[in-house]
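Peer 1: Here are the chains, one letter per residue:
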Amino acid sequence: MRRGLIGRLLGAHPVGTAFVTPYVVFLAAVFAYPLGFAVYMSFHDYFFAAPGAVVERPFVGFDNYVTVLSDPAVRRAFGNVLIFLVINVPLTVVLSLVLANALNAAIRWRTFFRVSYYVPYVTASVAVVGVWLFLFNSNGLVNSVLGPLAPDPSWLVNSGLAMPTVAIYVTWKQLGFFILLYLAALQNVSRDLYEAAAMDGAGRWKSFLNVTVPGVRPATTLVVLLATVTGANLFTEPYLLTGGGGPDGASASPVLIMYQRGIEQGNPDVGSAIGVLLVIGVLLLALIERRFVGKEES
Amino acid sequence: MRLQAGLLAIALAGSLAACGSGGGGAGDAGAAAKARGPIKIWYSNNAEEVAWGKQMVAAWNAQHADQKVTAQEIPTGKSSEEVIGAAITAGNAPCLIFNTSPASVSQFQKQGGLVPLDASYVEERSGDVAQQYKSPDGKYYQLPWKSNPVMIFYNKKIFAKAGISNPSLRTYDEFLATSRKIVASKAAKFAIYPAPSNEFFQSWFDFYPLYAAETGGKQLVADGKATFASDEGRKVAQFWRTLYAEKLASQEKYTGDAFVDGTAAMAVVGPWAIATYKGKADWGVVPVPTSSGKPAAEIHTFSDAKNVAMYSACQNRGTAWDVLKFATSKEQDGKFLAATGQMPLRKDLATTYADYFTKNPDYKLFADQASRTVEVPNVPNSITIWQTFRDAYSKSVIFGQQDVGAALDGAAQKVDQLVKQS
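Those protein sequences? They're chains A and B, same order as listed.
Here the first sequence stands for residues 1 to 298, where the numbers follow the UniProt record's numbering.
Here the second sequence stands for residues 1 to 422, where the numbers follow the UniProt record's numbering.
Bear in mind the hints are in silico, worked out from the structure with no lab data behind them.
C-beta atoms are modelled at their ideal positions from N, C-alpha and C, and glycine is treated no differently.
Accuracy of the hints is not assured; some may be wrong.
Going by beta-carbon spacing under 7 Å, a handful of chain B positions derived as facing chain A [claimed, not checked]:
1. I88
2. Q111
3. G112
4. G113
5. S197
6. N198
7. Q251
8. E252
9. K253
10. S312
11. T384
12. S394
13. Q401
Incomplete in silico selection of chain A near chain B, CB under 7 Å [unchecked claim]:
14. P51
15. G130
16. N137
In silico DSBU-like pairs for lysine-lysine, Cα to Cα no more than 35 Å straight-line [unchecked claim]:
17. K173/A x K189/B
18. K78/B x K173/A
19. K335/B x K364/B
20. K364/B x K157/B
21. K139/B x K420/B
22. K253/B x K173/A
23. K247/B x K173/A
Put together the whole structure using the sequences plus the hints.
Peer 2: Here is the structure:
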């Protein structure tokens, strides 16, 4: 029987369509539309104008991409974020899994520790950055402890150390969230498997490697992807910790440069081109990660 | 399924097309120029300026029941400029903003967000200094309102602790010798602490005031070309490089106020800071140094001005213009000076408010200095130009990773290109 337009629009399961519609609208409004608009801007000589202002926004092909790719500051920012991800993602996975495992065990003060790890995640970056500046400036606590081993120039004004310091800060700040993901995943690992491993003579370490790690693989895939996506969107930390990407752009991230070019300097077309390249880069990285980390799951 | 996807694609394409056309309409500008009625204005969120703004609005409203002014502090954002830029794009900017940065005027103008003002009133009120605020098309899109001529503040207690009773800070050599003495004596950890961060505007409070003084009032860009890769520019940059290299100034970001905290013995700030320092620092003030030690009466500095602009979203521009004139009248400027200590950009400031300066001698120096201030150049790509300069300055002067002269030359080439772009 031939269905009418409304019937075809609603599909075979109208109730299901009704349920997903709000999410589809949400997705279209806050994701698809801005992304599409960003792509449009990146191919035009585009700037924001007052309503009614007569302005020309000609199509410029790949000009904005050429501008972006020939800008050493942008290239450096992409390199910086790679350094960030290389440090941040593995560190996040290892620390959050180990800590979640420990917090899942029957230890005293378990709730206190869980809350303690989660607090930095829910505290505003602006508030905790002050503490890190106190810790990592040249007269800070870290250098006082290190004494003559303290780096010169100090952490946040050292070209080689600024980005790793930011990466460690972000790892620490976000750890609580990823611990929660692993804690949830650990609940799904069957107790029987641990008992079987114990029967086979496996110690804690072997049991962790052979039962826990494979048991939480789906969560690991999620943690890797989320850490990559949030890391690639790095902005607040270099802006606040290193005074806008210093020293000499060593901690500048693509989003920070995007903000400078697009918002501060009034070139949203160039900012959009950076954003599109970032999205493509993150998608490629996520595909590679999914291929390696999530292979058994798939 | 294909139909659903198709409908979504059409909806998105339609949205994009609507955005691309920049639709909407601001109405008839000619009619708006004469229209009178209620208007909205924004002023800054500085407590002293808010107090002045409230009394100014109350005074206007008391006399103009049919043309009420509704005023509010500028909405919170990362910076005033971003908030204003967003309001222009959204079409909901107020009629007047008493917090418009001259550096952003070229961008706001390009956005079609500003209304040109009556040149005769602007020039009559501000005199010769008004010329710096004229746009490349010969019109004024901002009324030069108030300045904060930046000078060197020094902490008398720290200087005394270092054994310096009468500081001599006129030449670079004197300034450096004094700085070395302060740090060596451990009276303060640093001699001076300008923000070493990478934001485009930071050079206004380290390089630019000294460059203005060294060159007798030259802007960063003049006649469509960068001016700073000159002997004067190199001298200024090298002076700051020495301060950073000898750790007399810090490369690290500071979260508080280094001058108030006593971490630094000196600061480069304008008279707005006097209220902040009250009861916290026993300060003295001198003009910024020059290499040869020019007399104070010849020293120029950065103006750190904020101006008033009228925005194109305004429908009742007749009232807006009247309010602008009222708020910048001799009477209201006097009230502004008394409330904030900031300098109205009026010609003959010192003589117009002679009584105030007699009663407040601390401010007399700033009034004298206000007649010799240098503004950021009103050129296209102004903020990109300053970021380009800051990047080069940061790399060479603050972090010593490049030769100072080579960095200035490289930045000048880029700036010359940026100035040519519209």
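Peer 1: Work down the list of hints and note, for each, if the structure agrees.
Peer 2: Hint check results:
1. I88: Cβ of I88/B sits 5 Å from chain A, so the hint holds.
2. Q111: Since chain A brings a Cβ to about 5 Å from Q111/B, closer than 7 Å, the hint holds.
3. G112: holds, 3 Å
4. G113: holds, 5 Å
5. S197: holds, 3 Å
6. N198: holds, 4 Å
7. Q251: holds, 5 Å
8. E252: Where the cut-off is 7 Å and the nearest Cβ of chain A is about 5 Å from E252/B, the hint holds.
9. K253: K253/B check passes; min Cβ-Cβ to chain A is 4 Å, inside 7 Å.
10. S312: Holds, about 5 Å.
11. T384: Because about 4 Å separates T384/B from the closest Cβ in chain A, which is inside the 7 Å limit, the hint holds.
12. S394: Where the cut-off is 7 Å and the nearest Cβ of chain A is about 6 Å from S394/B, the hint holds.
13. Q401: holds, 6 Å
14. P51: holds, 3 Å
15. G130: Holds - the Cβ of G130/A comes within 7 Å of chain B, reaching about 5 Å at its closest.
16. N137: Holds: closest Cβ of chain B sits about 5 Å from N137/A, inside 7 Å.
17. K173/A x K189/B: holds, 31 Å
18. K78/B x K173/A: It holds: about 22 Å lies between the C-alpha atoms, which stays within 35 Å.
19. K335/B x K364/B: holds, 16 Å
20. K364/B x K157/B: With a Cα-Cα distance of about 23 Å, the restraint between K364/B and K157/B holds, given a limit of 35 Å.
21. K139/B x K420/B: Between K139/B and K420/B the Cα gap is close to 19 Å, so the pair holds against 35 Å.
22. K253/B x K173/A: Judged against 35 Å, a Cα distance of about 21 Å means the pair holds.
23. K247/B x K173/A: Roughly 32 Å between the alpha carbons, so the hint for K247/B and K173/A holds.
Taken one by one, the earlier hints all hold for this structure without exception.
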